[in-house]
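Protein chains in written order, with our numbering: chain A, 1 to 177; chain B, 178 to 374; chain C, 375 to 567.
By construction, these hints were calculated from the structure, which means they are not laboratory data. Small disclaimer: the values here were computed from a predicted structure and weren't measured. Some hints here could point you the wrong way.
Unchecked claim - Below, a sample of chain A positions facing chain B; criterion: calculated Cβ distance under 10 Å:
(1) Ala62
(2) Phe67
(3) Phe89
(4) Arg117
(5) Tyr166
Where is the CB? At the ideal position from N, CA and C, for every residue including glycine.
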Amino acid sequence: MTSERLVAAEARPYAEPYVAGVGLGVVLLAAFVLVGRGLGASGAFARVAASAAAFGDSTRVARNAYFTGYVQSGSIMSDWLVIELAGVFIGGALSAWFAGRLRADTERGPRTSARLRLAVAFAGGSVMGAGAVIARGCTSGQALTGGAMLSVGSWCFMLAAFAGAYAVAPFLRRLWT
Amino acid sequence: MMAPLFDTIAAGTVASGGIALTIGIAFGWTLERAGLGSARKLAGQFYLTDLTVVKVMFTAIITAALGVFWLGWWGVLDVSRVYVPETFVIPQIVGGLVFGAGFAAAGLCPGTSCVAAASGRRDGMLVVGGLFAGVLAMGFALKPLASFYRSTPLGARTIPAQFHISYGSAILALVLIGLGVFAGAERVERSHRAVHA
Amino acid sequence: MTTRRTFAITALTLGAAAPLAQTPFRRHEASIDVDELSRAIELGDDHIDAVDLAEWIQERREGLRVIDLRSDGQFAAGHIPTAENISIDALSGIAPRRGETLVLYSEGGAHAGQAWVLLKALGHERVYFLRAGLFEWEEEVMSPTLATDATDDERRVFERSEKVSQYFGGEPQRDVPRSTRALTTRELRRRGC
């Protein structure tokens, strides 16, 4: 506990949310202006998953309409997203490094063991992945990109995501508080 | 030269890849700066202790939406050539609910999980792993759900078109709602701080 | 002034002005001089025949742009050589160019006629359309027919078609018994509506 507090004291404070939000909005706007499309994350996951699955069992993937859409060479948008996501890793690492927040640890609630946290993280990630496939996107692709372009479905997704999270959160209190 | 420039910067070229990488780096950097690479901070949103998520998201949406509107009006950006995601009402609501539930457990979304993983957080790495697993499983499970997956399509429907209001009115509504959300968020955070002072 | 206040004021100002500006989409200045357009229609300056178009393509007329207004599926199935596939809602994207000659066609000609008005309104000077669309091209250029008891006029029309037909790989037919021969759109037109 003590060493964590020391590290936290050396780390730079987080940026003011509204300023970060404007920055994020400008990045999104730059994407619109430069390439006519927004950000995305789950699409890149789908592309990589499809390629990995094709590597393992190409016939099964070829018979699957969802994945062939991503593996087809014509789906350049998916590749753009993969490169963009690679950038997200790099940008996140750089920012963490310069802010003194680069460290190997497991974020978790005060009452949770690292093991439990990691297990729930994986489970939560899988559920999110499933939801993202059905909804054709996630917070980056639908909420941010679609939200800024006033897409009806994206706003439905965003409101539903908040609703789903708030509905489940009370049962997960022990995880976080 | 009118934006978007992607007709000139052909997809698949080094330039387009360079832009993707740069935008991604800026995206990841900004998310980390805002603290959204921290699952505990993100989870605070759902216990009303730390509403950074909604503040950053809505501010970003409003900024980009205002930018699109005014750059379009100015003639710099051809808004009709900017991609609008397709709407499938029921799947997106159901997918959203499922996504949200997973989000509350994971504490990170796909984008921020990458930021967390890149910062060294093992939980971030496991969310990333889980996402791959979930996407793979759901992708293969889609076949029997095909008609559900494709149900209630509205095409690239926007809010102004759906509610028969002008684009500009929708923008104003977005700004007013956003400012209302921010005011509410500040109040909630303040009351939480007061209680726990 | 705090950053929050600046942000709120900026957002409110830009947001409040948005309904006044109404739309972020490009607006196209267009005006219709009804008298000028109706005169052109009366005089027949609004259209050309398929054979005229065929001759223009064959002689590589400068500035000629042939525009197919049908769907991309229909276009892919077959179109007039050198034609570009542009849908009606994309017409405003065509910038008027000096020395251009636009020739529009659709399946039957209705859309082409409408597109003619739109392009004239957008400032294009030399615009024509095929009144019977692709049907005209098929009949007059690709498979022109000459009845066995043809009049001199019909013979002259046919010979003109025959010349371009061969250039485009068509199959002109002479000596077709009139009873088996269908009326061409040109002849129907001459008989009036």
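Status of each hint after checking the structure:
1. Because the beta carbon of alanine 62 of chain A sits about 12 Å from the nearest beta carbon in chain B, more than 10 Å, this interface hint is broken.
2. Satisfaction of the interface hint for phenylalanine 67 of chain A is found here, the shortest Cβ-Cβ separation to chain B being roughly 5 Å, below the 10 Å cut-off.
3. For phenylalanine 89 of chain A, the suggested interface contact is upheld, since its CB lies about 4 Å from the closest CB of chain B, less than 10 Å.
4. For the restraint placing arginine 117 of chain A at the interface with chain B, the shortest Cβ-Cβ distance is roughly 6 Å, inside the 10 Å limit, so the hint holds.
5. A cut of 10 Å between beta carbons decides the hint on tyrosine 166 of chain A: the least distance to chain B is about 6 Å, and the hint holds.
When held up to the earlier numbered hints, the structure conflicts with hint 1 and nothing else.
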